[in-house]
Amino acid sequence: MQAKQRGGALGTLVILIALGVGGYYAYTMFVAPSEPPSCAAQLQSCLAKCRKTTTEAPAAQACQDACQRDAAACK
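Heads up: the sequence shown begins at 158 in our numbering, then just goes up one per residue.
Since the hints were made in silico from the structure, they are not lab data. Treat the hints with care, since some could be wrong.
What the hints assert, rightly or not - Simulated DEER-style distance windows between Cβ atoms:
1. T169 x T211: 31 to 37 Å
2. R208 x F187: 31 to 37 Å
3. D222 x L170: 47 to 53 Å
4. T210 x I174: 29 to 35 Å
5. G168 x R208: 45 to 51 Å
6. Q221 x A189: 42 to 48 Å
Values in this document were obtained by computation on a predicted structure and should not be read as measured data. We put the beta carbon where it would ideally sit given N, CA and C, even for glycine.
Using the sequences provided together with the hints, build the complete structure.
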């Protein structure tokens, strides 16, 4: 009797995983934007990454300058 219960739990887990994967792909196909981010959005993302990854002021400034250069090239 326990073997049958274990199989039922495993089957339920497999179904839940399949539903999760299917939901993710449905989200990416129908909800997530398909167009690339704008230059302003890329700049904001880059600046946020600089704030999170750099701890020293010169490195942070260099990272922000690189973001500004990339933004200028984007336009």
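Which numbered conditions among the earlier hints are violated in the structure presented, ordered from lowest to highest? Numbers 1, 6 - these are the hints that the structure violates, sorted from lowest upward.
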